[in-house]
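Participant: Going line by line, the protein sequences match chains S and W.
At position 137 of the first sequence the residue is numbered 177 (my numbering), and the sequence of numbers has no breaks.
At position 48 of the second sequence the residue is numbered 50 (my numbering), and the sequence of numbers has no breaks.
Simulated from the structure, these hints should not be mistaken for lab results.
Incorrect hints may have been included.
To give a feel for the contact side, a few chain S residues facing chain W, derived at Cβ under 7 angstroms [stated by the list, open to error]:
no., residue
1, D119
2, D120
3, P150
4, L152
5, Q156
6, I175
Sample of chain S residues at the chain W side, in silico, Cβ under 7 angstroms [unchecked claim]:
no., residue
7, M41
8, S45
9, L89
10, G90
11, L172
12, F176
13, P180
From the derived model, a few chain S residues whose C-beta atoms are all more than 10 angstroms from chain W [unchecked claim]:
no., residue
14, E83
15, P86
16, V96
17, G109
18, C165
19, G177
No experiment lies behind these values; they were computed from the predicted model shown.
Note that CB positions come from ideal geometry on N, CA and C, so glycine has one too.
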Amino acid sequence: MVSESQVWDALAEVPDPEIPVISVVDLGVVRDVRVEDERVHVEFTPTFLGCPALEVMRDAMVEKLRELGAEPEVEVVLDDSWSTDRITPEGREKLRAAGFAPPTPRSEGPTLVQLQSNGFRCPYCGSRDTALENIFGPTPCRSLRYCRDCKQPFEQFKTI
Amino acid sequence: MPARAELLLEIADDELILGWRDSEWTGIAPFLEEDVAFSSIAQNEIGHARALYELAARELGTTADELAFDRPPEEYRCSRLVELRLPEWERTIARHVLYERADAERLQRLKASDDTELAGLAAKIDREEAYHRLHAEMWHERLKGEPRYEAALEELRPLVGERNAHSAELQELWDEMTVVRRSQPAGTTW
Numbered sequence: 041m042v043s044e045s046q047v048w049d050a051l052a053e054v055p056d057p058e059i060p061v062i063s064v065v066d067l068g069v070v071r072d073v074r075v076e077d078e079r080v081h082v083e084f085t086p087t088f089l090g091c092p093a094l095e096v097m098r099d100a101m102v103e104k105l106r107e108l109g110a111e112p113e114v115e116v117v118l119d120d121s122w123s124t125d126r127i128t129p130e131g132r133e134k135l136r137a138a139g140f141a142p143p144t145p146r147s148e149g150p151t152l153v154q155l156q157s158n159g160f161r162c163p164y165c166g167s168r169d170t171a172l173e174n175i176f177g178p179t180p181c182r183s184l185r186y187c188r189d190c191k192q193p194f195e196q197f198k199t200i
Numbered sequence: 003m004p005a006r007a008e009l010l011l012e013i014a015d016d017e018l019i020l021g022w023r024d025s026e027w028t029g030i031a032p033f034l035e036e037d038v039a040f041s042s043i044a045q046n047e048i049g050h051a052r053a054l055y056e057l058a059a060r061e062l063g064t065t066a067d068e069l070a071f072d073r074p075p076e077e078y079r080c081s082r083l084v085e086l087r088l089p090e091w092e093r094t095i096a097r098h099v100l101y102e103r104a105d106a107e108r109l110q111r112l113k114a115s116d117d118t119e120l121a122g123l124a125a126k127i128d129r130e131e132a133y134h135r136l137h138a139e140m141w142h143e144r145l146k147g148e149p150r151y152e153a154a155l156e157e158l159r160p161l162v163g164e165r166n167a168h169s170a171e172l173q174e175l176w177d178e179m180t181v182v183r184r185s186q187p188a189g190t191t192w
């Protein structure tokens with residue numbers, strides 16, 4: 041029989057298909073794990089509802105848990121329990137190191153004034169002199185910003 | 003049909019059809035940022051539609067895809083506002099602003115609902131819609147007072163709550179949207 045901690049460790053090796061430096065556990069989308077004999081029940085929440093990575097993540101989790109010899113059930117929960125505040129500190133650091141500015145805390149936004157403020161730090165040079173280029177970006181979870189100091193455009197994780 | 007399923011279909015149909023219309027800007031928007039923005043908004047709206055159809059499908063004993071694509075167009079419950087093909091930028095922005103404002107009121111009501119499943123999904127959708135609203139209001143500020151934009155708002159405003167009579171444009175959109183699915187026998191898995 042597998043233990044809950046083995047399940048969490050296995051899930052921590054399942055990458056986000058769009059940003060593979062971060063795992064589904066770092067993202068905070070795994071909401072609950074329950075083990076009953078051979079059966080492992082995992083609840084997970086989508087980040088954005090239109091995220092095409094949803095099925096890929098679910099299938100990758102199922103496959104990973106089968107490797108443990110468990111019978112996995114991965115349930116997609118469509119409630120409001122996920123926000124970008126659920127991304128772990130380790131996850132935020134991995135995002136930053138990969139050139140994605142991590143999301144700001146939920147309490148700060150979003151408003152247009154806030155998006156145009158100096159509350160966003162360039163993931164390359166650390167400057168706060170950055171400008172909003174586009175609320176939308178290459179995937180639903182990202183905006184585009186530009187660093188006026190190091191002249192580098194970068195992707196900012198949206199706060200939701 | 004149960005009232006709850008009817009309500010879910012009404013919102014899901016709005017989001018699916020608007021998502022489809024928004025996606026028509028992919029590749030042809032006036033500049034690249036807006037190409038990205040409308041493509042991303044379209045993806046979100048269709049994602050919301052999928053989640054809402056899934057809740058309705060559980061209640062009706064069917065699937066989200068069947069609800070989205072296998073109903074005849076006259077059974078869709080969407081607003082006439084979202085059906086129109088709008089190749090003019092000022093009319094697209096006018097629709098965007100009118101829709102996001104009406105949708106924000108609807109989501110506020112749903113978030114306060116005693117139906118915790120529906121209230122939870124509405125709250126999740128609202129987190130994403132907040133960015134659509136910022137985008138819409140940014141464009142409203144830019145275009146307000148411009149005669150073509152003001153005329154588009156006046157033209158489209160009466161359509162927001164119009165759900166009883168569909169336009170011929172919904173039939174055209176439905177033909178395009180379901181052509182691949184209809185080319186295969188019912189029950190085909192994709």
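Participant: Report the numbers of all earlier hints that the structure fails to satisfy, in ascending order.
Facilitator: Numbers 5, 7, 8, 11, 15, 19, in rising order.
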